[in-house]
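Student: What follows is each chain in one-letter form.
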Amino acid sequence: MSLVLDVAAGAVGGGTSILYAALGETISERAGVINLGTEGCMLVGALTGYAVTAMSGNPWIGVVAGAGAGGLLAALHAMLVIERKASQLASGLVMLFIALGITSLFGGSFVSRTIHAFTPIALPGLSKIPGLGKVLFDHDPLTYLSFLAAPAIWWLLFRSRWGLLIRGAGERGEVLAAYGYSPKTIQYLAVVAGGALAGVGGAQLSTAYANSWFEGMTAGRGFIAVALVIFAAWDPLKAVAGAYLFGAALALSPALQARGYALNQFALDALPYVITVLVLVFLSRKRLHAAPEGLIRTLANAPAR
Amino acid sequence: MRARSVVWALSAVVALLGAACSSNVSSGSASGPSSSGSATGTPGVGGSAIGFIFVGPKNDYGYNQAAYDGSQAVKAAFPNLKVLTAENVPEDDNATRVMNSMISEGAKIIFATSYGHLNPAEAVAAQHPDVVVVQQGNIITGTVIPKNMGTYFGTVYEPVYLAGIAAGKATKTNKLGYVYAFPISQSIDNIDAFELGAQSVNPQAKTYVVNTSAWCDPGKQTLAASSLLSQGVDVITQHQDCTATIIKATEAAGEYSVGYHADASSLAPKGWLTGSQWNWGPLYTDIVKTVLAGTFTGSKYNANYRVGLKTGDNPFVQSPFGPSVSDATKQLIATAKTALSQPDGSPFKGPVYDQSGKVIPGFEAGVVPSYATIENLTTFVQGIVGQIPKS
Chain A
759 MSLVLDVAAG AVGGGTSILY AALGETISER AGVINLGTEG CMLVGALTGY
809 AVTAMSGNPW IGVVAGAGAG GLLAALHAML VIERKASQLA SGLVMLFIAL
859 GITSLFGGSF VSRTIHAFTP IALPGLSKIP GLGKVLFDHD PLTYLSFLAA
909 PAIWWLLFRS RWGLLIRGAG ERGEVLAAYG YSPKTIQYLA VVAGGALAGV
959 GGAQLSTAYA NSWFEGMTAG RGFIAVALVI FAAWDPLKAV AGAYLFGAAL
1009 ALSPALQARG YALNQFALDA LPYVITVLVL VFLSRKRLHA APEGLIRTLA
1059 NAPAR
Chain B
52 MRARSVVWAL SAVVALLGAA CSSNVSSGSA SGPSSSGSAT GTPGVGGSAI
102 GFIFVGPKND YGYNQAAYDG SQAVKAAFPN LKVLTAENVP EDDNATRVMN
152 SMISEGAKII FATSYGHLNP AEAVAAQHPD VVVVQQGNII TGTVIPKNMG
202 TYFGTVYEPV YLAGIAAGKA TKTNKLGYVY AFPISQSIDN IDAFELGAQS
252 VNPQAKTYVV NTSAWCDPGK QTLAASSLLS QGVDVITQHQ DCTATIIKAT
302 EAAGEYSVGY HADASSLAPK GWLTGSQWNW GPLYTDIVKT VLAGTFTGSK
352 YNANYRVGLK TGDNPFVQSP FGPSVSDATK QLIATAKTAL SQPDGSPFKG
402 PVYDQSGKVI PGFEAGVVPS YATIENLTTF VQGIVGQIPK S
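Just so you know, the sequences run in chain order A and B. Every position in the first sequence, counted from 1, becomes a number in the numbering used here once 758 is added. Every position in the second sequence, counted from 1, becomes a number in the numbering used here once 51 is added.
So that you can see chain A by itself, here it is in the shape it has in the complex (with noise of 0.2 Å):
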């Protein structure tokens, strides 16, 4: 295969557990809540996915139960700082804590487990076309869905009554409880649907990319998610555009390796935070007019809290 092929199919394949995280962020940061803990409920997901389908036998329902645990801890993020006006970064920081020690407590003996994983399945037709088939169209269930999810996430947020309510309590609460709504309710339906699917990416991560669970195995893709709904500007198909830049430059590495290039092993590692860093100072100040203003609110006030 090419290379370009290659990095392409990596970069699909790679960032598919990125884009499911990213989508369930931009969901949350919507809805004015921004969830640091991305990265622990994705580990949280990727664990509860892979033991769920080692003791069911099944991807599908280790997946729902890794988005079911995702969300759980998501919910308890979303308590702290809706409930308790808790500082949403550092409760962020502590739901990544608890995750951390929750699934190297819980998770040490599924390490040797072997489960029944996604496997890639070629659509017919569609993965013959030359090139493109190859990138697109041979990944599992899962990478498919997310093709899927993207969209559907951009009509629930921007043509749906319930996009109008979740942005609505991102951007003024005061106006939607005004109206009779209540906006705590919408932000906590929206960070567990964000934490749901950041499990999702981590279990996209266990049971189908990897096929195997290891302690701390997201390694800072939740993290990576979170920089990316910046990048994207709250918009989940520019985050899509993102997910995959990000996994291309982590399959570019290997792929270029693996052609006996020599080359600068370590700058190639550090090419996806160097993008996010590039990112953050080249759009930052003009991204910010496209924040909920309640996550500018909340960002500004931080310190002062």
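Don't read these hints as lab results, they were simulated from the structure. Bear in mind the structure is a predicted one, so any value in this text is a computation, not a measurement. Hints may be right or wrong, so weigh each one.
Claimed, not checked - Derived pair list, reagent style EDC-like, types lysine to aspartate or glutamate, alpha-carbon separation capped at 20 Å:
| hint | chain 1 | residue 1 | chain 2 | residue 2 |
| --- | --- | --- | --- | --- |
| 1 | B | Lys109 | B | Asp120 |
| 2 | B | Lys441 | A | Asp1027 |
| 3 | B | Lys109 | A | Glu973 |
| 4 | B | Lys321 | B | Asp378 |
To be verified - Quick look at which bits of chain B chain A covers, simulated, 3 or more residues with Cβ under 8 Å:
| hint | stretch |
| --- | --- |
| 5 | 110-124 |
| 6 | 149-156 |
| 7 | 274-284 |
| 8 | 298-306 |
Claimed, not checked - Label-pair distances were calculated between CB atoms; the ranges are:
| hint | chain 1 | residue 1 | chain 2 | residue 2 | range |
| --- | --- | --- | --- | --- | --- |
| 9 | A | Arg1017 | B | Asp405 | 18 to 28 Å |
| 10 | B | Pro254 | A | Tyr1031 | 56 to 66 Å |
| 11 | A | Leu881 | B | Ala303 | 11 to 21 Å |
| 12 | A | Ser867 | B | Glu142 | 24 to 34 Å |
| 13 | A | Ser867 | B | Lys340 | 30 to 40 Å |
The C-beta atom is built at its ideal place from N, Cα and C for all residues, glycine as well.
Since the structure of chain A is already known, use the hints to place chain B on it.
Tutor: Frame of chain A, contents of chain B only:
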């Protein structure tokens, strides 16, 4: 009311977190009478316990599990002594703290089993002249080795060389793949030995290398395996801490696997060729025996001790063969193993050429390099495709 319940929930969570993250010292047997403080002049004698620290979890299907299994062999061999084990001990001051707490529990012998545990081990040994601290895999560089310290390791590259023979015979595309973490000398030795083994039976065999810059990142491992497979590689091996991901991916692609650290043949019932794995029990037990006899100081273990096929009892042994390995190949490997056990046997017997075709200094024709020379090797040999990352 609500505030109080939140406080309770939080404190429960914090307690859980503490339980999961801290490297608790757990004693391996029912606690006997602790008779610490009976300091005689001989280091390591008179303790009531033996301590082991591991950098990772004890069930990682790899390096740490092997070391843990070794500690359990010690426990079985010395039922009168408590065996203290601590998992997930970072390679920093935390290691010093954990080792000190083991000493206060009565340990007079401590095994620090990770490469990066050397500095803390040296600090602890200096503080406690009555305690023997041995470290696994690193090298004490000072001219004088303290009376109560030593390092030990096996020549890991010997079984890797033998596995390379199986790989060289199995490949149809003449492309072998090697996934490693960092360009440390141990990995370079393994990669070179693997290629040299393959070359010895198949001069066309080339080894393609990919590194992941992580000891265990399953996502990156998947990418590395698929990059190699898409290049036509049909045998993949690795130097990673967690090995399952790559073996499963290789098996799913219908290609051959060579294992490392542990026997993972159950993960690859069709494609498993062979591999290398640890068997620390006999060496650990012998070290403890030497210490308890009061003869540690000045013994072979009071040094940078390396054991290989030549000296016997290599703790790094060959894994069982998979179904596709022919009797002829097994015979080739047996012959090579006998040759390595001879006084002049070595996978790196000169001449060894680098990637540009020049003889590597120290590996000239007819030279049988010492263990130290091999452990300082910093070049890939001819036949390897890929470069050592430059910083």
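Student: Confirm or reject each hint.
Tutor: Hint by hint, here is what the structure shows:
For the suggested pair B/Lys109 and B/Asp120, the alpha carbons sit about 8 Å apart, so the restraint of at most 20 Å is met. For the hint linking B/Lys441 to A/Asp1027, the alpha-carbon distance of about 12 Å falls within 20 Å, and the restraint holds. Of the pairs offered as hints, the one joining B/Lys109 and A/Glu973 holds, with about 12 Å between alpha carbons and a cut-off of 20 Å not exceeded. For the hint pairing B/Lys321 with B/Asp378, the CA-to-CA distance comes to about 17 Å; that is within 20 Å, so the pair holds.
Given a C-beta distance limit of less than 8 Å, the hint that chain A covers the stretch 110-124 of chain B holds, as 3 residues qualify and 3 suffice. Using a Cβ-Cβ cut-off of 8 Å, 0 residues of the stretch 149-156 of chain B lie near chain A, which falls short of the minimum of three, so the contact claim is violated. For a cut-off of 8 Å, the count of residues in the stretch 274-284 of chain B with a CB near a CB of chain A stands at 8, and the three-residue condition holds. Proximity of the stretch 298-306 of chain B to chain A, defined as three or more residues with a beta carbon under 8 Å from a beta carbon of that chain, is established by the 3 residues found.
Distance hint for A/Arg1017 and B/Asp405: a CB-CB separation of about 20 Å, consistent with the stated range 18 to 28 Å. The supplied range of 56 to 66 Å is broken by B/Pro254 and A/Tyr1031, whose beta-carbon atoms lie about 42 Å from each other. Separated by about 18 Å at the C-beta atoms, A/Leu881 and B/Ala303 satisfy the suggested range of 11 to 21 Å. In this structure the hint that A/Ser867 and B/Glu142 lie 24 to 34 Å apart at CB holds, the actual value being about 25 Å.
In this structure, A/Ser867 and B/Lys340 meet the distance hint of 30 to 40 Å, their C-beta atoms being roughly 33 Å apart.
When each numbered hint is compared with the structure, violations occur for hints 6 and 10.
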